[in-house]
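Student: Protein chains in written order, with the UniProt record's numbering: chain V, 1 to 527; chain L, 1 to 527.
These aren't lab readings, by the way, just hints derived from the structure by calculation. Treat the hints with care, as some may be off.
Below, simulated BS3-like cross-link-like pairs (lysine-lysine); rule was C-alpha separation at most 25 Å, straight line [stated by the list, open to error]: (1) K367(L) with K318(V); (2) K350(V) with K93(L); (3) K318(V) with K350(L).
2 protein chains.
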Amino acid sequence: MAWAFPNLGFRFALQRIVAKRRVSPSLTAAGARVAARRGILTCTNKRPLICGDRQQQGLRNDAVVLQKKAFLGSQIRRLHTKEMNEEQLSSLKVDQKRLMEDLHYTCQWGTGEKWGEAPTETGMARLALSDTDKQARDWFVETAKELGCNVTVDAMGNTFAVRPGLNNDKPPTFAGSHLDTQPTGGRYDGILGIHAGIEMLKVLNDNWVETQFPVGVVNWTNEEGARFPMSMSASGVWAGSIPLEVAHNLREVHPGTATMASELSRISYLGNTPCSYTAMPMAAHFELHIEQGPLLEITNKKIGVVKGVQAYKWLTVKVRGRDTHTGTTDLKSRADALLTASKLILHSHKLATANGALASTGILNLKPGSTNTVPGEVTFSLDIRASKDETVAKMIDLVERDFPKIAAGEDIGALNEGCTPGLPLTVSITHDFDSPATYFHQRCIEAVNEAAHATLGPDGKSLVMEMTSGAGHDSVYASKRCPTSMIFVPCRDGVSHNPAEFTKEEDCALGAQVLLQSVLRFDRQRE
Amino acid sequence: MAWAFPNLGFRFALQRIVAKRRVSPSLTAAGARVAARRGILTCTNKRPLICGDRQQQGLRNDAVVLQKKAFLGSQIRRLHTKEMNEEQLSSLKVDQKRLMEDLHYTCQWGTGEKWGEAPTETGMARLALSDTDKQARDWFVETAKELGCNVTVDAMGNTFAVRPGLNNDKPPTFAGSHLDTQPTGGRYDGILGIHAGIEMLKVLNDNWVETQFPVGVVNWTNEEGARFPMSMSASGVWAGSIPLEVAHNLREVHPGTATMASELSRISYLGNTPCSYTAMPMAAHFELHIEQGPLLEITNKKIGVVKGVQAYKWLTVKVRGRDTHTGTTDLKSRADALLTASKLILHSHKLATANGALASTGILNLKPGSTNTVPGEVTFSLDIRASKDETVAKMIDLVERDFPKIAAGEDIGALNEGCTPGLPLTVSITHDFDSPATYFHQRCIEAVNEAAHATLGPDGKSLVMEMTSGAGHDSVYASKRCPTSMIFVPCRDGVSHNPAEFTKEEDCALGAQVLLQSVLRFDRQRE
Ligand SMILES: [Zn+2]
Ligand SMILES: [Zn+2]
Numbered sequence: 001m002a003w004a005f006p007n008l009g010f011r012f013a014l015q016r017i018v019a020k021r022r023v024s025p026s027l028t029a030a031g032a033r034v035a036a037r038r039g040i041l042t043c044t045n046k047r048p049l050i051c052g053d054r055q056q057q058g059l060r061n062d063a064v065v066l067q068k069k070a071f072l073g074s075q076i077r078r079l080h081t082k083e084m085n086e087e088q089l090s091s092l093k094v095d096q097k098r099l100m101e102d103l104h105y106t107c108q109w110g111t112g113e114k115w116g117e118a119p120t121e122t123g124m125a126r127l128a129l130s131d132t133d134k135q136a137r138d139w140f141v142e143t144a145k146e147l148g149c150n151v152t153v154d155a156m157g158n159t160f161a162v163r164p165g166l167n168n169d170k171p172p173t174f175a176g177s178h179l180d181t182q183p184t185g186g187r188y189d190g191i192l193g194i195h196a197g198i199e200m201l202k203v204l205n206d207n208w209v210e211t212q213f214p215v216g217v218v219n220w221t222n223e224e225g226a227r228f229p230m231s232m233s234a235s236g237v238w239a240g241s242i243p244l245e246v247a248h249n250l251r252e253v254h255p256g257t258a259t260m261a262s263e264l265s266r267i268s269y270l271g272n273t274p275c276s277y278t279a280m281p282m283a284a285h286f287e288l289h290i291e292q293g294p295l296l297e298i299t300n301k302k303i304g305v306v307k308g309v310q311a312y313k314w315l316t317v318k319v320r321g322r323d324t325h326t327g328t329t330d331l332k333s334r335a336d337a338l339l340t341a342s343k344l345i346l347h348s349h350k351l352a353t354a355n356g357a358l359a360s361t362g363i364l365n366l367k368p369g370s371t372n373t374v375p376g377e378v379t380f381s382l383d384i385r386a387s388k389d390e391t392v393a394k395m396i397d398l399v400e401r402d403f404p405k406i407a408a409g410e411d412i413g414a415l416n417e418g419c420t421p422g423l424p425l426t427v428s429i430t431h432d433f434d435s436p437a438t439y440f441h442q443r444c445i446e447a448v449n450e451a452a453h454a455t456l457g458p459d460g461k462s463l464v465m466e467m468t469s470g471a472g473h474d475s476v477y478a479s480k481r482c483p484t485s486m487i488f489v490p491c492r493d494g495v496s497h498n499p500a501e502f503t504k505e506e507d508c509a510l511g512a513q514v515l516l517q518s519v520l521r522f523d524r525q526r527e
Numbered sequence: 001m002a003w004a005f006p007n008l009g010f011r012f013a014l015q016r017i018v019a020k021r022r023v024s025p026s027l028t029a030a031g032a033r034v035a036a037r038r039g040i041l042t043c044t045n046k047r048p049l050i051c052g053d054r055q056q057q058g059l060r061n062d063a064v065v066l067q068k069k070a071f072l073g074s075q076i077r078r079l080h081t082k083e084m085n086e087e088q089l090s091s092l093k094v095d096q097k098r099l100m101e102d103l104h105y106t107c108q109w110g111t112g113e114k115w116g117e118a119p120t121e122t123g124m125a126r127l128a129l130s131d132t133d134k135q136a137r138d139w140f141v142e143t144a145k146e147l148g149c150n151v152t153v154d155a156m157g158n159t160f161a162v163r164p165g166l167n168n169d170k171p172p173t174f175a176g177s178h179l180d181t182q183p184t185g186g187r188y189d190g191i192l193g194i195h196a197g198i199e200m201l202k203v204l205n206d207n208w209v210e211t212q213f214p215v216g217v218v219n220w221t222n223e224e225g226a227r228f229p230m231s232m233s234a235s236g237v238w239a240g241s242i243p244l245e246v247a248h249n250l251r252e253v254h255p256g257t258a259t260m261a262s263e264l265s266r267i268s269y270l271g272n273t274p275c276s277y278t279a280m281p282m283a284a285h286f287e288l289h290i291e292q293g294p295l296l297e298i299t300n301k302k303i304g305v306v307k308g309v310q311a312y313k314w315l316t317v318k319v320r321g322r323d324t325h326t327g328t329t330d331l332k333s334r335a336d337a338l339l340t341a342s343k344l345i346l347h348s349h350k351l352a353t354a355n356g357a358l359a360s361t362g363i364l365n366l367k368p369g370s371t372n373t374v375p376g377e378v379t380f381s382l383d384i385r386a387s388k389d390e391t392v393a394k395m396i397d398l399v400e401r402d403f404p405k406i407a408a409g410e411d412i413g414a415l416n417e418g419c420t421p422g423l424p425l426t427v428s429i430t431h432d433f434d435s436p437a438t439y440f441h442q443r444c445i446e447a448v449n450e451a452a453h454a455t456l457g458p459d460g461k462s463l464v465m466e467m468t469s470g471a472g473h474d475s476v477y478a479s480k481r482c483p484t485s486m487i488f489v490p491c492r493d494g495v496s497h498n499p500a501e502f503t504k505e506e507d508c509a510l511g512a513q514v515l516l517q518s519v520l521r522f523d524r525q526r527e
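Using the sequences and the hints given, assemble the complete structure.
Tutor: Shown next as structure tokens:
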């Protein structure tokens with residue numbers, strides 16, 4: 001084989017590329033085009049030997065072999081990342097058509113609700129460790145192997161596909177994300193990141209690029225936490241933040257009874273490799289993801305360079321009043337827990353506005369729950385977020401200072417203007433969950449920044465913005481154990497976790513291009 | 001028998017008083033005292049022949065016979081309501097001890113949650129047509145029969161106990177209420193009204209009072225609507241407002257499967273008499289009830305003269321926004337249905353304050369209901385009440401004018417001060433239920449007013465107040481077909497529909513006294 005790697009000491013043994021019949025569409029079309037353009041392939045006729053035409057699938061695989069033979073005969077032209085100049089580096093381009101075809105191809109497993117006319121205009125319902133998740137995983141493993149990767153599955157089903165580099169005694173640089181979705185999710189959240197990783201591998205193969213160190217793609221298990229109720233649970237175990245036992249024993253949400261361990265075993269993804277950053281170290285983790293928010297779209301940006309993830313804190317607020325009859329209790333004699341909760345929710349929004357933070361209530365329950373009974377008890381969630389820990393801490397202080405006063409009847413921020421003073425109520429606040437701000441690694445952020453600007457060129461400078469991720473991602477846990485950054489691309493109306501989640505093809509490709517370039521730029525700076 | 005009634009043409013045939021062994025405690029103690037005081041009974045020794053002592057129950061029944069014999073021998077002293085002067089009328093007094101002993105005696109059937117140390121300090125859980133409701137009904141029927149009443153059960157299980165008067169060709173004047181309770185109800189709502197009716201009968205018997213026309217006590221079925229979900233359903237059928245079939249087919253609330261008809265039949269209270277104001281006409285309906293609100297207590301009043309029942313209207317408000325991720329959606333890009341609902345609830349309260357009305361939200365549901373998702377849809381109930389129909393109509397107009405504007409982002413009443421303007425939302429409002437104001441009958445209101453002032457005396461003038469009932473009662477339906485009024489007594493902290501519902505013994509007795517006096521005053525004014 002032409003792909004000779006001098007150092008095989010690293011755990012990733014070189015595996016021969018065996019061109020199988022079951023490859024995904026467009027496997028090497030772009031590669032062939034690029035190779036042809038560069039003169040790597042000497043075509044015997046003007047039509048490229050390989051194209052994306054599905055009818056020629058049979059031909060294609062032979063073509064791979066042909067390509068390799070050509071490569072064998074021209075070892076000089078092998079590209080090393082370290083030796084490439086900026087022009088050469090930037091000329092490595094993802095194939096938008098292939099990327100999107102692959103992505104939609106795998107969305108046959110777990111297809112969700114239809115929202116548009118085109119066959120690809122449906123959502124996804126691919127719950128973690130379900131049969132359809134297994135099908136998508138199997139595709140990932142096979143495709144990665146076909147691309148020459150070693151595939152390792154760990155005890156949480158995290159699947160690491162590694163393409164060996166010139167020097168394999170150091171950990172790989174990873175592109176990672178997740179193939180699982182929400183029950184009413186879309187085709188881009190997570191899935192795009194994995195496919196961009198696979199596309200990266202294909203571009204490297206197509207262009208005979210040899211990286212300094214290995215590069216890989218990781219599919220993290222149960223990122224969404226939709227089926228097993230703990231999001232990012234498998235990257236959390238990898239990082240040592242969540243005990244393996246806790247994650248293994250997570251029971252699927254009602255009405256099922258399966259656990260993560262039982263389902264991992266059932267679908268044959270309970271690997272032997274320990275789930276740990278020591279057993280499977282990473283040199284860096286880059287994640288391409290849809291923004292899941294509206295900022296890029298609103299500001300007409302194309303690429304978000306993610307510097308970190310917001311801090312957030314989840315509180316439960318319980319308001320205690322007295323349930324009384326709506327007809328017989330005059331306004332003065334009420335201790336209306338819902339009216340008070342309404343004031344508190346409005347006030348939390350005002351505090352967020354004043355402090356550049358976010359405050360959101362997504363759950364609210366009341367008792368007793370009858371049209372003609374003034375609720376005596378209301379419990380609601382309060383999700384406070386800000387890019388800095390200090391801002392979140394300040395918001396919590398303000399909430400804890402103001403809420404009891406408002407409940408007691410004090411007029412804060414003119415909330416009581418025009419109201420009838422009622423009886424005093426009480427408030428208790430519990431702290432449920434605390435996620436400090438994550439700050440990504442400067443080297444990774446720089447790699448993404450350079451990659452974005454290289455991709456968009458000098459005219460596209462204004463299309464890049466640095467931003468903070470509002471949501472958690474596997475990159476948060478990854479960043480605890482290795483340099484990490486993320487790349488965001490816009491999604492329509494900022495909608496995510498919804499079947500109609502959508503990112504334009506050119507934006508998907510742009511993001512994948514920045515991911516590819518980020519990984520390569522990181523790789524060539526490694527010592 | 002001394003109780004000779006010249007006219008027996010009316011449907012209520014005179015029934016002989018047969019003193020049975022199974023009388024309730026204290027049946028005739030007060031009567032004996034009063035009779036002794038008036039010289040009706042000639043005692044052979046200084047100790048009254050009859051007393052409330054439970055050990056002497058055997059004696060007591062013989063004593064009733066003895067009393068009657070004495071009465072037989074002194075027909076001159078028979079008291080006719082029309083002929084009584086104010087002093088004689090006011091000297092007819094309920095026996096507080098007997099009233100409360102009877103009330104607590106029947107609360108053995110369906111005893112609920114304990115809230116205090118004393119054995120009587122428990123709530124009630126006597127759902128309509130349950131086994132315990134049957135036991136209480138059986139007690140009611142037997143006691144009424146023992147007191148010389150004819151008992152009629154109609155097709156809704158409404159039970160009419162009628163004590164014949166001097167002239168029985170016209171309908172009786174009724175005291176009415178209900179023996180059923182909420183699942184976590186108290187000992188006074190409804191129950192006090194029935195017991196005050198029974199006590200009225202006892203006082204009339206004890207004092208050999210003959211009313212001009214018959215007087216009775218009615219126990220209405222399923223007033224609470226707690227088990228069969230339509231409150232006041234049986235008085236509604238009687239009034240012709242609810243079709244019998246609808247009420248019969250009411251299915252008990254989850255998880256049961258019984259209907260009102262099946263349960264009426266099971267407990268043997270599916271009567272042959274049609275449930276109708278034509279089959280069982282009433283000259284008037286008086287109802288003693290706990291206020292179920294705090295106004296009497298707060299203003300240090302003892303008796304509420306109820307002039308009518310509030311108008312009310314129930315709306316369902318649906319707010320539609322967009323559910324988005326709490327972390328990734330900045331405040332500007334949100335269409336937060338719960339934040340908007342909070343503003344609407346607060347605004348409805350301000351409108352109520354400005355218009356002397358009540359506005360209450362007792363139910364609120366949101367979607368999708370996750371801590372990190374801004375709710376895209378909120379549905380809440382809105383209960384609007386006022387003593388006048390016009391006020392309710394005005395409130396509805398204001399709600400329908402302002403709610404869509406507030407949802408669209410307009411700043412009404414400075415609700416948006418300090419808020420971040422978000423995306424517009426929409427509101428839809430449906431009208432679910434409409435209960436126009438009920439105005440009670442002037443003659444009945446006057447009877448209650450006179451009775452209250454006669455009971456409390458000139459020094460107690462300030463202890464009486466006219467008021468509007470906030471809650472519905474069987475008297476609302478009764479008032480559609482006969483002159484009606486109600487008497488309210490204070491309940492602790494205005495609490496009702498709660499095990500800890502409590503009215504002082506002296507207040508129960510005061511209310512019962514006003515009920516007795518109201519019925520008698522109404523009776524003697526009838527032609
Ligand atoms: Zn994701
Ligand atoms: Zn009641």
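Student: Give a verdict on every hint.
Tutor: Status of each hint after checking the structure:
no.: 1; hint: K367(L) with K318(V); result: holds (20 Å)
no.: 2; hint: K350(V) with K93(L); result: violated (62 Å)
no.: 3; hint: K318(V) with K350(L); result: holds (23 Å)
Checked against the numbered hints above, the structure violates only hint 2.
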